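Between the sequences and the hints, there should be enough to build the whole structure, so can you do that?
Residue numbers (the numbering used here), protein chains in the order written: chain Y, 1 to 312; chain P, 1001 to 1312; chain W, 2001 to 2312; chain Z, 3001 to 3101; chain V, 4001 to 4101; chain G, 5001 to 5101.
Treat the hints as calculated values from the structure; they're not laboratory data.
Fair warning: this is a prediction, and the values are worked out from it, not measured in the lab.
Keep in mind that a hint or two might mislead.
[Said to hold, decoys possible] Chain G regions said to be covered by chain Z (calculated; three or more residues, Cβ under 8 Å):
id : stretch
1  : 5042-5051
2  : 5070-5083
3  : 5086-5096
[Stated by the list, open to error] Some, not all, of what chain Y presents toward chain P, calculated at C-beta under 8 Å:
id : residue
4  : Ala32
5  : Leu165
6  : Leu166
7  : Leu176
8  : Ala181
9  : Pro187
10 : Val188
11 : Phe189
By construction, the Cβ of each residue, glycine as well, lies at the ideal position given by its N, Cα and C atoms.
Listed below, chain by chain, are the residues.
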Amino acid sequence: MAIDPVVYFFGFGLIAGLLRADLRLPGPVYDALSFLLLLSIGLKGGVELARHGSSELLLQSVAVVGMGVLLPLLAFPVLRGLGRLDRSDAASIAAHYGSVSVGTFAVAVSWLASRGIAHEPYLALFVVLLEVPAIIVGILLARGWQSDLDWRDMGRELFLGRSVLLLGGGLMIGALAGGEALAPLEPVFVDAFKGVLALFLLEMGLIAAARLGPLRQHGLFIVVFAVLWPLFSAGVGILLGHLLGLSPGGVTILATLAASASYIAVPAAMRIALPNANPSLSLAASLGLTFPFNILFGIPLYAEFAQRLGGS
Amino acid sequence: MAIDPVVYFFGFGLIAGLLRADLRLPGPVYDALSFLLLLSIGLKGGVELARHGSSELLLQSVAVVGMGVLLPLLAFPVLRGLGRLDRSDAASIAAHYGSVSVGTFAVAVSWLASRGIAHEPYLALFVVLLEVPAIIVGILLARGWQSDLDWRDMGRELFLGRSVLLLGGGLMIGALAGGEALAPLEPVFVDAFKGVLALFLLEMGLIAAARLGPLRQHGLFIVVFAVLWPLFSAGVGILLGHLLGLSPGGVTILATLAASASYIAVPAAMRIALPNANPSLSLAASLGLTFPFNILFGIPLYAEFAQRLGGS
Amino acid sequence: MAIDPVVYFFGFGLIAGLLRADLRLPGPVYDALSFLLLLSIGLKGGVELARHGSSELLLQSVAVVGMGVLLPLLAFPVLRGLGRLDRSDAASIAAHYGSVSVGTFAVAVSWLASRGIAHEPYLALFVVLLEVPAIIVGILLARGWQSDLDWRDMGRELFLGRSVLLLGGGLMIGALAGGEALAPLEPVFVDAFKGVLALFLLEMGLIAAARLGPLRQHGLFIVVFAVLWPLFSAGVGILLGHLLGLSPGGVTILATLAASASYIAVPAAMRIALPNANPSLSLAASLGLTFPFNILFGIPLYAEFAQRLGGS
Amino acid sequence: MSPLHTRCLLTIVCEALLEPRVEADLTRLGAQGWTATPVRGRGDHGSREGHWENDGNVRLEVVCSHELAERIATHLHERYYSNYAMVCWLAEVKVLRPEKF
Amino acid sequence: MSPLHTRCLLTIVCEALLEPRVEADLTRLGAQGWTATPVRGRGDHGSREGHWENDGNVRLEVVCSHELAERIATHLHERYYSNYAMVCWLAEVKVLRPEKF
Amino acid sequence: MSPLHTRCLLTIVCEALLEPRVEADLTRLGAQGWTATPVRGRGDHGSREGHWENDGNVRLEVVCSHELAERIATHLHERYYSNYAMVCWLAEVKVLRPEKF
Ligand SMILES: Nc1ncnc2c1ncn2[C@@H]1O[C@H](COP(=O)(O)O)[C@@H](O)[C@H]1O
Ligand SMILES: Nc1ncnc2c1ncn2[C@@H]1O[C@H](COP(=O)(O)O)[C@@H](O)[C@H]1O
Ligand SMILES: Nc1ncnc2c1ncn2[C@@H]1O[C@H](COP(=O)(O)O)[C@@H](O)[C@H]1O
Ligand code: NA
Ligand code: NA
Ligand code: NA
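Spelled out as C-alpha cells, the structure:
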C-alpha cells in the first residue's frame, strides 16, 4: 500500500536539510506545532479514556511502566559491554531508548488510521506513562542512589516538563469534558491534526538531517544500535501487548512506543542530571537514525508482526 | 449543565502556572492567537451588523458608550474612599474596570452558543465602543482637563491600538464583504474560533497565575473589589440591556462586558498616561481575579439573572 | 460583481499601515503564513500535475521559461533608456518584474474560484518555472558573463531558496502522494487556504504601506513603470497563454504571473549579486505599487481580456 | 590597518512600551542610529519576562560621542527613571568611521 | 550633568537550558538585576542554532561591582565550564546610579 | 580568584541577509566562536525593522585578540561598507580563559 503522505514531508525535510537549504520554520512556530500535537493527542486519549476506562487498564498501565523500567536496564549493559561507552553515555542512551517519541507515536496512529486498522483509542495514556520511568532508571544507572543529585528539583523537571504536562493536561481535559462538549474544538485539535503532523515532520526532517553529521564521528556501533535495538524493543512491546490482550493495532502502537527513542524530554533531563554525557551522541542516534528508521520501516514491520501474532 | 470545555483550558493553565511549570507558548504565538480572536470577533460582528443594523442600534450604541463613561466615574470614589488608593491608582483601576476584556466576551459568546441561547449577533460592536471611553475618563480623573498630556499622541494610541483596530477592521470587512463572500474564510475565522479560544485561555491561565502573587501584597480591599465590583457593574449592564430591549442572551453579553475588566489595551494606555499608577496592582485585580471570576462564576450568574428578568 | 474579500484584508492592512498603526503580526507568524501558502499551492499543483501531466505540458513549460527570459530582456532597455537608471538598478528591476509574486498568483486563483471560472489546475508549476530565469538574466545584464560572481554559490541561493523549494517540494509531494492520500491534510492545506491568504494579505498591506514612502524619492518614471509595465507584460502573457491553448482561466493566471513582480526571492538574490543596486527602489515599485495594482485592478482586467480572446 | 577612533556605547534597557518614545528622544537629541533588541530581565521593578503584551523589555544600543551619550543618559534619568523600569550604562568603544557616530 | 560611576558589565553566554540555574546562582551571589536575550552561536561545543527545543543559547548581562562580577565568573567557571557550552567576559562601564548596581 | 586576561569584543551589526557570508569570513580569518542575535535598528540606510523577509539586522559578537578584531573590522570595511547596512565597534573586555579567545 502507498506510503503515508506525512512521511513524504519528513523525507522532504530530510533532503532539504542534507542540501543545507534554509527551510526552517521559526522556533516559535515549531514550538506551537509540537504544543498542538501533544495537546491534541492528550485530548483525544482523554475522551476515550473516560469512555473505555476499566480496571483492566490499571493492570495494563502497571505492566507498561514495568516495560519502561526494564528496557533501559537491558540496554545499559549492551551499550557498556558491546559499545564500550562510558557510564554516563551508556546510561543516557539507555534512558533515551527506554522513553518514547511522541512524533513516532503520532505517525503510527496516522498510519493505522489510513489503513483502517483499529486500536484501543486510549493508548495516549501509555505515552505519558512511558516518558519518565526510563529517565529515572538512567540517572540511577549513572549516579547510583547515593548521588548528590537534587531529586526534588529533578522531579519538578520530569513531571512538570512540557510533554508530560501537555499530554497529561490534555488527557484530563478530554476525560472531564467528554467528546460531545469538545466537538466545537475539533477543527483545531482533530481535523487539523494530520496537517500539523505533516508540518512537524517536515521540521523534524530538517533537524534529523543536521544530526546525521555528528553520527559519523561516533563510529559504527551507535549506528547499528540505533537500528537493531528498536527491533529488539519492538519485540518486547509486541509480546507485552499480546500478553495484555491488546488488538493488533494496539500491539503495533505499543511496539512502536517501545522501539521509539525520546528526543525532547530525555535530552533536556540528561543535560542537567548527567552533564558529562555527550548530548550529540544520543541525539544523533535517536533523532538522526531511530526516528527515521521507525517511521519509514519500523511501523509497517511492527504492524505486520502484530497482525500475524493476532491472527494466530 | 456541564462546564464549557474552554474553561478547563483556563483552569489547566492556571494550575500549571501555580505549579510554576513552563507551559508558555512563545510570545509570537500568543500574539497570533489574540490577533485571530479579535479579527474573528470583528468579522462575525460585521456580517451581522450589515444584516441587522438599524436606527435602534444607534440609540443602543449611545447608551452603551454612556455606560462606559458612567462605570469608571462610579468606581473612582469607591476606590479612593473605601480603598484609600491614591489618585492615579484609583483612576487607573477605574479605567480598567470601565473598559472591557475581549477574552471574557469570547467566553460568554461560547457559553451561550453551547447552551443554544440566542443573542443579538452584532454585539461585537459594543466591545469596540466600550474599549476607549473609560480610558479617557480615567485619565481625566487623574490628571484633569488642564494636564500637559499630549492628547493627540494619546488619541493615536487609543484609536489606533491593536484591539480597537482589529475589532473595528474586522467589523468593517465583515459588513462590506457579507457572510456569503466570507464563507471560504470560515475554516480559519469561524470553525477554528473555539479551538483558538481554548489555546488563548490556556495562556491566560498561565499569565493569571503569575499575577496572583503580587495580589497578596496589595491587601484585602483590592481582592474584595475585584470580585464585588463586577457583580455591581453586571447589575448595571443587566438593567441597561433590559431597558434597551435586548434578548436575555444579549443582556448576558452586555452584563459580562460591564463586569469584565481590560487587561490589554488599558494597561498599555495607563502606563503612558498615568505612569505613576502601579501597573501590577491593576493587573493583579483585573487579570488575576476578575477574569477568572467572570469566566468561572460570573457568566452563568449573569445569564441566570438576565433570563429571569427576561422571563418576567 | 463583488470584490474578493481577501482584497479587503489587503486594503485594511494598507490603511492601517498608512495611519502608522502597529498591526504587525510577529515575524515568525508572517513566516509561517508564507510557508503555508507556498506549500499549499505546491501540494495542490502537484496533485493536479500527476493527474493531468502530459507531453503538451513540457512544451508549455519551455515556452513559459522562455517568457521568463524574454520579459527582463525587454524591460531592461526601457529602464535604461526611458528611466535613465544606472545599469545595476535597471537590471535589478528587470529581474523583479521578470520573476513572479506568489501572493499575486494566490489572489488570482482565489478570484477565479470565487467566480467559478475554471483554469488548468497545474499552473502552480509555472510559478516555480518563472521564479529563477529572470534573476539569472538580471545578473547577466548587470555583470556580463565574465564577472567574478561565484555562480555555484548563487545557484544554491536560487534553486535552494525558500520559495522555489517549498513550491517544488509541495509539487513533488502532491504528485507522489495523490489527492486521495492527502485528503486528511486538507483542513490545513486546502480549507484554511483562503483564511491564511487573508491574513497574509493583511500583512502585505502593512508592508506595502511602508514601501510607499521611499517611492516619493524616486520620481515619476518608476511610478509610471510600475503600473504600465504590468499591463504590457500581461499582454505578453495573454498572447502566450492563447497560443498555448490555455483556457480563459489559465490565460488569466499566466497573464497575472507575467504582470506580477517578485518581492521576496528576487530582492534577496539581487542584494547579494548586485549589491550596488538600490533595494528600496525596486521594492517600492514591486511591492508598493505593482502588487496592489495587480490585485485591485489588474486581475479583473486580465481576466476580461482573456475571456474576450477565448470567446472569439 | 585603518586608525580607530574612540566613541561611547550607550546601552539602554527599558520597558518595551517605551521604545517609540525613547527612540523619538534619541532622534531629537541627535543620535544618528541605534540597534534594538527585544530582551527580558529582572530588576527593582520585578521580573519582566516578555510573556505577553506589555511585559517585555527592549535593549537599545547607541554608538555616539561621549558628550551625546551623557546627554541622553541624563535626559532618560530625568524623564523616565522615577516611573518606569529602566537602566542604562555607558562604555568606551573604538570605531573605524568617526564621522558616522 | 550627573556624575558617572564605574561598574562592571558581566556578559554570560550559555546553553538556554541552564538559564534558570544560572539565574538562581546570580540571585544567590547577590546580583540585583540582569537582562536576558535569546541568542545563537558557535564555539568549541559546535554550532548552537536555537532551531529547536534545547539547541539555543541565552545571553545574560549583569551590571554590578567588579568584585561581584569576578565572583560570579569564577563560580560559573568552576560549576559549569567543564560540562556545558558557556563563555563569559567582563567590561568596564559607567552608570548614573551607583547604589543600584 | 582566577586571573583575568585582556581581549577584544568586536560587535558587528549588519543586514541579516549577510549573516552566512560574514560568518564564513569570521571562520576564514580565524575567529573561534561568536554569538549572534537577531536585532532591529536605524542608521544611514534607514529603518530596518525586521518585519519581513530581508528587512532585519543581525548582531554578531566575537571575543578575540585585538589584532584579529582589527583585522576582521578592516576586512568588513573593505568588503561590505560601501554597499550594505553595517556598523561595527570594538571594546576591551576581560576573560578567564585566554587560550580560548
Ligand atoms: N544590574 C542589572 N544588570 C543588567 N540589567 C539590569 C540590571 N538591573 C536591571 N536591569 C534591566 O533593566 C530592567 C529594568 O530594571 P529595573 O528598573 O531595576 O526594574 C530590568 O528588567 C532588566 O532587564
Ligand atoms: N569567541 C567567542 N566570542 C563570542 N561568543 C562566543 C565565543 N566563543 C563562544 N561563544 C558563545 O558561547 C557559546 C558556547 O561556547 P563554547 O562553550 O565554546 O561552545 C557559543 O555557542 C557562542 O554563543
Ligand atoms: N550609531 C549607531 N549605534 C548603534 N547601532 C547603529 C548605529 N548606526 C547604525 N547602527 C546599526 O547598524 C545598522 C546599519 O547601519 P547603517 O549602515 O548606518 O544603516 C542599523 O540598522 C543599526 O542597527
Ligand atoms: Na522506547
Ligand atoms: Na467593564
Ligand atoms: Na512577472
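Cross-check of the supplied hints:
no., hint, result
1, 5042-5051, "holds (count 3)"
2, 5070-5083, "holds (count 6)"
3, 5086-5096, "holds (count 6)"
4, Ala32, "holds, 4 Å"
5, Leu165, "holds, 5 Å"
6, Leu166, "holds, 7 Å"
7, Leu176, "holds, 6 Å"
8, Ala181, "holds, 5 Å"
9, Pro187, "holds, 4 Å"
10, Val188, "holds, 2 Å"
11, Phe189, "holds, 6 Å"
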